[in-house]
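The chain contents come next:
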Amino acid sequence: MKKVSKTVLNRVEGEIELKLIWENGIIKDAFIIAPNFRGFEFILRGKPTLDALVITPRVCGICGHAHLLATTSALENLYKEAGYSLQTTQKAKLIRKITLSSEIVQNHIRWFYLFVFPDLLKLTNEESLFDYTPIKGSKWRKAVDYSSKIVKVIALFGGQWPHTSYSIPGGVMCDPTTTEVMEAISTVDSLIEFTEKEIIGMGLEEYLSIKNPDAYLEKSNGDLSVFFKTVQKHNLDKKGKAYKRFLTVCNLYPVISKGTTKKKKCPFDIKKVREIKDFSFLSKKRTGKEYSWATAVRYNRLPYETGPLARRVNNKDKLFLNLLSTYGDTYFSRIWARVDEIVKFLFFMKRWLEELDIKEPSYIRPPVDIREIEGKSYGVIEAARGSLIHFIETKEGKIKEYSIITPSAWNLGTRCKKYHSPAEKAIIGLDNPLFAEMVLRSFDVCSVCTTH
Amino acid sequence: MKTLLWLQGLTCNGNTQSILNAENPSFYELFSKIELLYHPSLSVDNNLMEIVEKIESNKINLTFLVVEGSITNDKKFHNVGGFSIGEIVGRVVHKADYIIAVGNCASFGNIPALYKENPDIKGLQFTFKEKNGFLPPDFLSKKEYPVINITGCPIHPAWFTHTLMALYYEKPVLLDSFNRPKEVYMYLTHDGCIRNEYFEWKEEIEEFGHKEGCLFYNLGCKGPITHAPCNKILWNRVSSKTRAGMPCLGCTEFDFPLNENFFETKKNMGIPEKVPIGVSKRAYITITGIAKTLKNERTSKKLEETD
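Residue numbers (the working numbering), protein chains in the order written: chain R, -17 to 434; chain E, 43 to 349.
Treat the hints with caution; some may be incorrect.
Keeping only pairs whose Cα atoms sit at most 20 Å apart, straight-line, the calculated DMTMM-like set for lysine to aspartate or glutamate is [said to hold, decoys possible]:
id : chain 1 : residue 1 : chain 2 : residue 2
1  : R       : Lys267    : E       : Glu159
2  : R       : Lys75     : E       : Glu249
3  : E       : Lys253    : R       : Asp339
4  : E       : Lys309    : R       : Asp351
5  : E       : Lys308    : R       : Glu378
6  : R       : Lys118    : E       : Glu77
7  : E       : Lys253    : R       : Glu165
8  : R       : Lys(-12)  : E       : Asp87
9  : R       : Lys124    : E       : Glu65
10 : E       : Lys117    : R       : Glu272
11 : E       : Lys308    : R       : Glu354
12 : R       : Lys211    : R       : Glu178
13 : R       : Lys104    : E       : Asp87
14 : R       : Lys29     : E       : Asp297
15 : R       : Lys341    : E       : Glu347
16 : R       : Lys118    : E       : Asp87
17 : R       : Lys380    : E       : Glu302
18 : R       : Lys121    : E       : Glu65
19 : R       : Lys382    : E       : Glu159
20 : E       : Lys118    : R       : Glu(-1)
21 : E       : Lys118    : R       : Glu23
If you are wondering where the hints come from, they were derived from the structure by calculation, not from laboratory data.
Given only the sequences and the hints, what does the whole structure look like? Please build it.
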């Protein structure tokens, strides 16, 4: 018996509709529908080049900072393409790394406790999980407190979060004193304590030395461990497999190294990226098969998963290579990778803050006004959900074309003629609508970015 | 218990993210007092339309209707389970005691309203400057308020939470000409900026990356012409854009996305095209002319080198 079900998914960024085609109790096909569209790429056309720094962060309320840095990178590359050398100090680079990391840590904490954990409350009514109840639960509340605390670091350097535009070609706008740096270090310290006590249930260094996933689960009573023990009880640990192909577009040494992994790791080549609109409402030819405002993104003609799990694999982290061989690219591994990044980013943020030399200039004015540059370039950044690419073309001081490929377009965009998107693929074959939602949420759904 | 329904139109979710950062009251402290009927990002159950039906049939009393994001009736561009945001708002709008637009999108249409393929994008009661939003200009909610606009891209959480608390305690909320709470938006971003000394002595700065110098003269800062208490109630309770070194973008005003060249000050004959609110051009030229002829030892040095 064939049956179609449609659900508007909540607890994601924005709104997503999940259409499932069932046959004999099994999901035969899945359509991830992004039904809302704002038209940022069209709105950017004709705007003065530098104004992209103000407009693109507003694509997304949760990863807007990554959009700012992608624009900065695209504009800095525009200078380079035109033959100008742009100096950016180590200080400016470190501050950008620190603020980007803050946003990612914020995102992962909110996503884990506010978007993902409540699924377990639907799965089971064990009393031990009541602390994770939205609004009332003490764990939920702590997650709100600490995710709000870490973005204070962005505010210290960038003035506010969400939606600062403090990073520009040539550096950053701030000129911090030791006071701000010390407040940032103290904030990170406080987050580290929260992470050790609540999330991982052990010291940061001890956690970072772990290579065997099961050894960790046995040893820890942290929220991560509670989560996975519950998931294992419901046999969800091996569900939600996608293509086992991973893409990362940008380095953030030593947490992220770029590359693509199919069977083995290869260098990333931007020329192999293609956006396909056949199943998107953005398609120029109407075939009746369009079902989402999202597009499909392919690398070397194939769908790739991007995001924390991809980053962990491309970074060759032992724990994750082991996770992958035991559990595969599943719900389990995907969620662990996101939580794992909280630990790694906090660990290195502290180092970067200590390394910061405030005597260096924050900003070195580029050799010419950006309005004098005509040409094409692109910028890449790793956002909370994965690889973000901005393409820009400028003419007569204005933006001629702007194209944004978001992490969510990689993961939960539409299908192409040959392949489902990684998230659609991961849902097909499941036998329970709640599991389908859970697997989808493991990609950290951001519909506002998916369609922009 | 008083209730609140949170709806989202065309949005980036930034106001929701900002409100999660709230302190005194925090998000959860606020919603221990007020029942949150539904929020798309935070609710556990997918039951928005059930709640809407209960509100329509008076089974649930709706105290606060909160809308984030621009409004459109066109289902092609916004669709939640078969309904556009316009349709959903339309179903509950007459039932709410108070209606609050959070952010510039819900207030004025903002960036999404620049998208030409969809001409039907509005704020709740305004579209940019004009009072021709989704609801009629004379619309009043059950407690006889127009849509209360908490403007900003994004809003500061306290601007929303404190207004909501005032309504909760049935304190009168005075509104300005854009229906924003007067006590929030009567301040200018300029008020309380730590660069004010440089503004007073017209100590200009030519480039970014310095804690000294005023950003108004060359770098596009809209602090003196923007209604927002960004330097009274600090962002994330620690700083503000102008404190950090970034020009104010004027994001609480209706014309925020209509402006261009945000990082330079538009000038005529060396005088900023827009002078601070409350000051005539002549008064501005006189006072800056005098300030320029005098020297303040302090503002002409790096802060570390001052006495």
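Cross-check of the supplied hints:
1. R:Lys267 <-> E:Glu159: With Cα atoms ~17 Å apart, Lys267 (chain R) and Glu159 (chain E) stay inside 20 Å; holds.
2. R:Lys75 <-> E:Glu249: holds, 18 Å
3. E:Lys253 <-> R:Asp339: holds, 16 Å
4. E:Lys309 <-> R:Asp351: With Cα atoms ~17 Å apart, Lys309 (chain E) and Asp351 (chain R) stay inside 20 Å; holds.
5. E:Lys308 <-> R:Glu378: The given pair, whose Cα atoms are some 19 Å apart, holds under the 20 Å limit.
6. R:Lys118 <-> E:Glu77: holds, 11 Å
7. E:Lys253 <-> R:Glu165: holds, 17 Å
8. R:Lys(-12) <-> E:Asp87: holds, 14 Å
9. R:Lys124 <-> E:Glu65: holds, 13 Å
10. E:Lys117 <-> R:Glu272: holds, 15 Å
11. E:Lys308 <-> R:Glu354: Roughly 18 Å separates the two Cα atoms, so the pair holds.
12. R:Lys211 <-> R:Glu178: holds, 18 Å
13. R:Lys104 <-> E:Asp87: holds, 9 Å
14. R:Lys29 <-> E:Asp297: holds, 15 Å
15. R:Lys341 <-> E:Glu347: With a Cα-Cα distance of about 14 Å, the restraint between Lys341 (chain R) and Glu347 (chain E) holds, given a limit of 20 Å.
16. R:Lys118 <-> E:Asp87: holds, 16 Å
17. R:Lys380 <-> E:Glu302: Distance of about 11 Å is within 20 Å: holds.
18. R:Lys121 <-> E:Glu65: Distance ~17 Å between Lys121 (chain R) and Glu65 (chain E) Cα, so the pair holds.
19. R:Lys382 <-> E:Glu159: holds, 18 Å
20. E:Lys118 <-> R:Glu(-1): Holds, at roughly 14 Å.
21. E:Lys118 <-> R:Glu23: Between Lys118 (chain E) and Glu23 (chain R) the Cα gap is close to 18 Å, so the pair holds against 20 Å.
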